[in-house]
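Participant: On the provided structure of chain A, position chain B as indicated by the hints.
Just so you know, the protein sequences line up as chains A and B, in that order.
Sequential numbering from 1 applies to the first sequence in our numbering.
Sequential numbering from 1 applies to the second sequence in our numbering.
Please note: incorrect hints may appear among the correct ones.
It does not matter which identical chain is used: a pair holds within one copy or between any two.
Unchecked claim - SDA-like cross-link-like pairs, simulated, lysine to any residue; straight-line CA separation at most 20 Å:
1) K190 to E223
2) K190 to A139
3) K190 to R247
4) K190 to G270
5) K33 to A59
6) K190 to L250
Hints listed in this document are in silico derivations from the structure and should not be mistaken for laboratory results.
2 protein chains.
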Amino acid sequence: MRFQFHGDQTSIEAELVKHTALRSLASVHHTEKVISGDEKAAQALRRGKGSSLWNTIEAARSGGADAVISAGNTGALMAISKLILRMAGGLDRPAIVSSWPTRTGVTAMLDVGANIESDAAQLVEFAIMGEAFYSAVHAAPGQSVRVGLMNVGSEEQKGHEEVREAHAILRGGAIELDYFGFVEGDDIAKGTVEVIVTDGFTGNVALKTGEGLARFFAAELREVLTTSGPLAMLGAALARGALNKLRTKLEPPGGGPLLGLNGVVIKAHGGGTASSFADAVKIAADLAASDYAAKAAANMQRLATALKASGSATETVQ
Amino acid sequence: MRFQFHGDQTSIEAELVKHTALRSLASVHHTEKVISGDEKAAQALRRGKGSSLWNTIEAARSGGADAVISAGNTGALMAISKLILRMAGGLDRPAIVSSWPTRTGVTAMLDVGANIESDAAQLVEFAIMGEAFYSAVHAAPGQSVRVGLMNVGSEEQKGHEEVREAHAILRGGAIELDYFGFVEGDDIAKGTVEVIVTDGFTGNVALKTGEGLARFFAAELREVLTTSGPLAMLGAALARGALNKLRTKLEPPGGGPLLGLNGVVIKAHGGGTASSFADAVKIAADLAASDYAAKAAANMQRLATALKASGSATETVQ
Numbered sequence: 001m002r003f004q005f006h007g008d009q010t011s012i013e014a015e016l017v018k019h020t021a022l023r024s025l026a027s028v029h030h031t032e033k034v035i036s037g038d039e040k041a042a043q044a045l046r047r048g049k050g051s052s053l054w055n056t057i058e059a060a061r062s063g064g065a066d067a068v069i070s071a072g073n074t075g076a077l078m079a080i081s082k083l084i085l086r087m088a089g090g091l092d093r094p095a096i097v098s099s100w101p102t103r104t105g106v107t108a109m110l111d112v113g114a115n116i117e118s119d120a121a122q123l124v125e126f127a128i129m130g131e132a133f134y135s136a137v138h139a140a141p142g143q144s145v146r147v148g149l150m151n152v153g154s155e156e157q158k159g160h161e162e163v164r165e166a167h168a169i170l171r172g173g174a175i176e177l178d179y180f181g182f183v184e185g186d187d188i189a190k191g192t193v194e195v196i197v198t199d200g201f202t203g204n205v206a207l208k209t210g211e212g213l214a215r216f217f218a219a220e221l222r223e224v225l226t227t228s229g230p231l232a233m234l235g236a237a238l239a240r241g242a243l244n245k246l247r248t249k250l251e252p253p254g255g256g257p258l259l260g261l262n263g264v265v266i267k268a269h270g271g272g273t274a275s276s277f278a279d280a281v282k283i284a285a286d287l288a289a290s291d292y293a294a295k296a297a298a299n300m301q302r303l304a305t306a307l308k309a310s311g312s313a314t315e316t317v318q
Numbered sequence: 001m002r003f004q005f006h007g008d009q010t011s012i013e014a015e016l017v018k019h020t021a022l023r024s025l026a027s028v029h030h031t032e033k034v035i036s037g038d039e040k041a042a043q044a045l046r047r048g049k050g051s052s053l054w055n056t057i058e059a060a061r062s063g064g065a066d067a068v069i070s071a072g073n074t075g076a077l078m079a080i081s082k083l084i085l086r087m088a089g090g091l092d093r094p095a096i097v098s099s100w101p102t103r104t105g106v107t108a109m110l111d112v113g114a115n116i117e118s119d120a121a122q123l124v125e126f127a128i129m130g131e132a133f134y135s136a137v138h139a140a141p142g143q144s145v146r147v148g149l150m151n152v153g154s155e156e157q158k159g160h161e162e163v164r165e166a167h168a169i170l171r172g173g174a175i176e177l178d179y180f181g182f183v184e185g186d187d188i189a190k191g192t193v194e195v196i197v198t199d200g201f202t203g204n205v206a207l208k209t210g211e212g213l214a215r216f217f218a219a220e221l222r223e224v225l226t227t228s229g230p231l232a233m234l235g236a237a238l239a240r241g242a243l244n245k246l247r248t249k250l251e252p253p254g255g256g257p258l259l260g261l262n263g264v265v266i267k268a269h270g271g272g273t274a275s276s277f278a279d280a281v282k283i284a285a286d287l288a289a290s291d292y293a294a295k296a297a298a299n300m301q302r303l304a305t306a307l308k309a310s311g312s313a314t315e316t317v318q
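So here's chain A without its partners, still in its complex pose (with noise of 0.2 Å):
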């Protein structure tokens, strides 16, 4: 693996001087221009050219690499990826999905902020690239990949409109994945299926929700273990190892990619450690590494029959 950082070539190399191994593998480019956290993706689309993030994708483009990592502005980010890379075989918008330990494995959530509202056919989109996404980065050799539907209730008359649109369109079995039917916020973490579908408002303040409990948790256990007097300090020091096993376990995934461009683009995150930028990394050259693409491509080709055929299943819910 080799690495190329566009951005300000001093502060980089600053850092790439720590180093060694690393540098041996890195080349610098530098850019002057920078778009900000804060700015709109409208004006990141127009002025953004030459900056670090365009040059970035720019390179997924042409060739000169096989993925992008960036913990930046997330609507630039998008935005300008959409217009560089271009969306693959059919597919509407980018959504952003993120990978939840669990019991027994990993959970898959899609959309976590990349779109605001998701009408039934983009929910069934990110049904088709969450699965291509599990199965080329997460699924064991032969392990079945169950797609849910985020929902407040498992009765079919509850939840929004497009949700039960979206149910009846899986549930009409015209695109070839294992659905599962409705889930409920606690399916998250239980493992109930492989992989969530949600709109990005729902699941970003679930994702965020997620994140804010994993550093509390982590923060009382701490705290309990240390002022609960000298046998529980004592017990702490004893099961140190154990205890930071777990905390690692508790650290938000480190990286978010954006399925359904030409490319592999990680929404690394903002607030992450050196060990969870590492996670992103390794999901970017899982990715890269993967038949993601093709499989998505293969399931989007169904989607249009799919959509047809759910004008009839819609009318049987609603």
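Facilitator: Leaving out everything else, chain B in the frame of chain A:
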């Protein structure tokens, strides 16, 4: 405090026999009819008269009870409560509020499932109900109660139209409450504000995501301490008291009050423990003894003015 039990007399008496202190404070009111967990609200309204749920709520209306607690069908509880108790001064629909522990206190979030979709005016109502609830039940004397609106970013242009409209109304200042602005999912556990307002779909997903994660963390903690060798096991044994304290704190809140009714109705957690049910009883008692209803009513009188004033505020946002 005294307790009325509505339901199958034989089953209730069989439990009360084991709790003599409670039995001396309890009366049992036999009913044959039961509303099942999967019954639709409309059906429960039609055939619910004489059921245990109906009779319990009727007791609150007639003055026989100061508060209602039920772990039954949420939709039926809400519909029958609304029919029998009616909404308090001008409020449109009940909202369920959930109280989360934070590092420094409690964050109350509403709605967590009574309403699938909420327009801007309803979100503002939730802000009013939530602020009055927090002041009555959780706030220390003189504590300021800040209200935040859940969104996917703190920038003004982000989020659903309803959310941006509600933001404009609350920013307008016609309603007497300490409006903080937009918050995100991780602000729940951070305790950035005292009250977080969101629609029932997003709130329900966030609540259940949090419950699922709390169970996951507790299970992971148990596992890592019992399977990481003898030192970790010894450490865990020594720290048992402290860890149990943490486990109790991680338990999901015992009950979510239905706010906005002429009366106190608590939705208890169906899958809760004895101690979480006791927690629901405490919330009911606190709320019944408080000036919550008067405080919410006073602010509702200001809402009509505020909504009128918001006509222009809303236009500037769209």
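Participant: Decide, hint by hint, whether the structure agrees.
Facilitator: Checked hints:
no., hint, result
1, K190 to E223, "between (27 Å within a copy, 15 Å between copies)"
2, K190 to A139, "within (17 Å within a copy, 34 Å between copies)"
3, K190 to R247, "both (19 Å within a copy, 18 Å between copies)"
4, K190 to G270, "between (27 Å within a copy, 18 Å between copies)"
5, K33 to A59, "within (16 Å within a copy, 69 Å between copies)"
6, K190 to L250, "both (15 Å within a copy, 16 Å between copies)"
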